[in-house]
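So the chains spell out like this:
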Amino acid sequence: MRTLRKTWPFHLMLLPAMIFLILFSYIPMGGIVMAFQDYKPWLGIGGSEWIGLDNFRYLFEREDSVQVIWNTLFIAVLKLVFNLIVPFVFAILLNEIRKTALQRGIQTLVYLPHFLSWVILGGILIDLLATGGLVNRFLGFFGLGPYFFLGDNDWFRFTVILSDIWKEFGYSTIIFLAALAGIDPSQYEAAEIDGATRLKQTLHITVPSLIPILMVVGTLALGNVLNAGFDQIFNLYNPLVYEKGDIIDTFVYRTAILNGEMGFGTAIGLFKSVISMVLILISYRLAYKWAGYRIF
Amino acid sequence: MYHKTTGYRIFNVFNTCFLILLAVLCIIPLIHVLAVSLSAKSAADANLVGLWPVGFSFEAYKKTAANPLFLHSLWVSVLRTVVGTAITLLITFLAAYALSKENSVFKGRNVYSWIFVFSMIFNGGLVPFYIVIQKLGLINTFWVLVLPGAVNTFLVILMLNFFRGIPKELEEAALIDGAGHFRTLFSIFLPISMPSIATVALFSMVFHWNSWFDGLLYLNNAKDFPLATFLQTVIIQQDMSSMSVNPKEMELISQTTVKAAQIFIGSAPILIVYPFLQKYFVKGMTVGSVKG
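Chains as they are written, first to last, in this note's numbering: chain A, 398 to 693; chain B, 3 to 294.
A couple of the hints might just be wrong.
Among the chain A residues that face chain B by a calculated CB cut under 10 Å, a handful are [claimed, not checked]:
no., residue
1, Gly-502
2, Arg-534
3, Leu-536
4, Ile-571
The calculated DSS-like cross-link candidates involving lysine-lysine, where the alpha carbons are at most 25 Å apart (straight line), are [stated by the list, open to error]:
no., chain 1, residue 1, chain 2, residue 2
5, A, Lys-403, B, Lys-103
6, A, Lys-403, B, Lys-109
7, B, Lys-109, B, Lys-170
8, B, Lys-65, B, Lys-225
9, B, Lys-225, B, Lys-64
10, B, Lys-6, A, Lys-597
11, B, Lys-137, B, Lys-103
12, B, Lys-65, B, Lys-137
13, B, Lys-137, B, Lys-109
14, A, Lys-496, B, Lys-6
15, A, Lys-403, B, Lys-170
16, A, Lys-496, B, Lys-103
17, B, Lys-109, A, Lys-437
Hints are computed from structural coordinates only; laboratory data are not their basis. Note that beta-carbon positions come from the ideal geometry of N, C-alpha and C, so glycine has one too.
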C-alpha cells in the first residue's frame, strides 16, 4: 500500500482510458461466446442455445463463406505485396530528384489521397469508372473499352487493388524516405571514387540499406492478411461482384447485421480475429528479432 | 560525378516526368469533381466535363446550401469532430503521461501497457460490439459517434514517445519543488507538448471527419447522420429511403453536379488542414519504427 500512496496519480490518470477500453474493447471480447451459440436477440446471451462448434462447421461448409475467405486472402495479399513494392521503388526514384522544392511538391500531392475517406473516393471512382466516365472516355480514344470496372468480377478485383495502391502508395513512402535520409553519404562518396555508376550505387548501397526497414514494414503488415479493406470494398461493391469482391468484413455485416444471423456472424469475426492476432504476434516477434523493433 | 553523365541526365528527365505524372494522377480525381460541381447541369449529365467546368455555374452549391438535411449533417460532423477530439486529447494526454514513467517509478505500468496493447491486437468483432453499444443505450444518440473510438492506443503510444523525449530533470525539479504529478503534467508538460498535442488532435480530427460506418450502423434517422454517413447514403448507396424526402427533393440531391458539390464540400476540411497534417504526420508515421 506504500507504493499506492506514491503512484495513485498514475492510476487515476489511467482510469478514464481504462473505463473506455473495458466498455468498448474488453466487454465486447466477452461477447465472442455468441460464436458458440444459436444466438437469438430476444433470448440474449444467457438464454440462447449452446451449439458448440456448429457455427464454425457451417462456416467451412457454406459455399459463400469459403469463397469470401478466399476473396479476402486474394485481395489482401496482393494489396500487401504491391503496397510494399510500389512505395519502395517510388521512394528510391523520388530520392533521385535533387530539387528540394520539386521533391516536396510531389510528396504533397501523393500523400493527399491517404487522408480522404473511401466514401469520398468511392463516390469519385464510381463516377470516373462508369461506362461513360472519364476513364472509359479516355481509353476510348485508343479504341479500348468500355470496361465495367466495378460491375465485372475480374475487373472489380483489379480495380480494388489498383485504387488501393493509388490511395496509399504515397503515404507508405514516408517511412522509406526517412530511412533513405539516414544512409551515410560517405558510402556514396567512396563508391563514386571507385567509379560506380548511379545504378550500381543504387543496387549495392541504397537497396541493401533499405532491406531491414522493408522487412519490418513487411512483417508488420502480416497482421493484415485478413484485412482486405472494409471501407473500400463496401463503398465500391454491388451485388454483381459479390462472387469475387465480397470479403469477410462485408460478409459479416450483411449476414449478421442485415440478415440477423448473429451467432454465425460472430463466429466468422472470431475466426478472423484469432488468425489476425496470431499473425500479429508472430510478426512482432520477428520484427523484434530481426530489427529490434518495439512498439512500447 | 554521376550527375554529369549523359545516361544519368536522360534518366533524370524521364524520372522527373514520370514522378510528376504520378503526382498529378493523385489529384486529378479531385479536380474532376470540382470541375463537375462548377459545371452546368446539362453538361455534367452528358458527361462532357473533364478537368475544367463546362458552362460555369454555382447552381449546385446553392442547391446544396439550401438542403436542410445536408446542412444538419455538416453540423453533426463539426460537433462530433470537436467533441470527439477534445475527449480523445484529454484521455490520451493523461494516459500517456502515466505510461511514460519507468517501471521503477510506476509499478503496475506493465499491466496497463498490456491492457492497451491487447486491445489493439484482438477484438471481439462487429457483432458483439454492436450488441454492447445497444445494451449501453447508445443507439440513435450523438454519443455513439464520439465515445466508442475515444481511446486509440496508437495515439497513446505516439504521445508517450514524445513524453519520453522530455528531459527527466524538468520533471524532477518540479517534483522536488513540491508539485504533484497532476500539477507537473498540466503546468510543465502541457506547454511544451504542443507539437504532440497538435499531432494527436489532427489524427483524431481526420478520423472523426472521415468516419461514416458508425453513423450507418448505429443511427436509424438520416437527420442524425454526420456528413460522411449522409454522403455514403446519398452518393454510394443512392438510397434515400431513410431520409423521408419528397421525390422533388430526392431528384435535387441526386443531380450529378449537386453530388459533386457535396463530395467536394465533404473533402474540403481535409484539404484545409492538410498543410498542418503534412507538417506533423511524418512524425506519427515513423513513430517507434526505426529505433534500436
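To see whether the hints hold, each was checked on the structure:
1. Gly-502: holds (7 Å)
2. Arg-534: At about 7 Å, which falls below the 10 Å cut-off, the nearest Cβ of chain B leaves the hint on Arg-534/A intact, so it holds.
3. Leu-536: Leu-536/A check fails; min Cβ-Cβ to chain B is 14 Å, beyond 10 Å.
4. Ile-571: With Cβ-Cβ at 5 Å, under 10 Å, it holds.
5. Lys-403/A / Lys-103/B: Measuring from Cα to Cα gives roughly 13 Å; hence the hint holds.
6. Lys-403/A / Lys-109/B: holds (10 Å)
7. Lys-109/B / Lys-170/B: holds (18 Å)
8. Lys-65/B / Lys-225/B: Holds, at roughly 18 Å.
9. Lys-225/B / Lys-64/B: It holds: about 20 Å lies between the C-alpha atoms, which stays within 25 Å.
10. Lys-6/B / Lys-597/A: Holds. Lys-6/B to Lys-597/A sits at ~16 Å (cutoff 25 Å).
11. Lys-137/B / Lys-103/B: violated (36 Å)
12. Lys-65/B / Lys-137/B: Violated. Lys-65/B to Lys-137/B sits at ~40 Å, over the 25 Å cutoff.
13. Lys-137/B / Lys-109/B: violated (35 Å)
14. Lys-496/A / Lys-6/B: Satisfied, since the Cα-Cα distance of roughly 15 Å is no more than 25 Å.
15. Lys-403/A / Lys-170/B: holds (18 Å)
16. Lys-496/A / Lys-103/B: Since the Cα atoms of Lys-496/A and Lys-103/B sit roughly 43 Å apart, the hinted pair is violated (cutoff 25 Å).
17. Lys-109/B / Lys-437/A: violated (44 Å)
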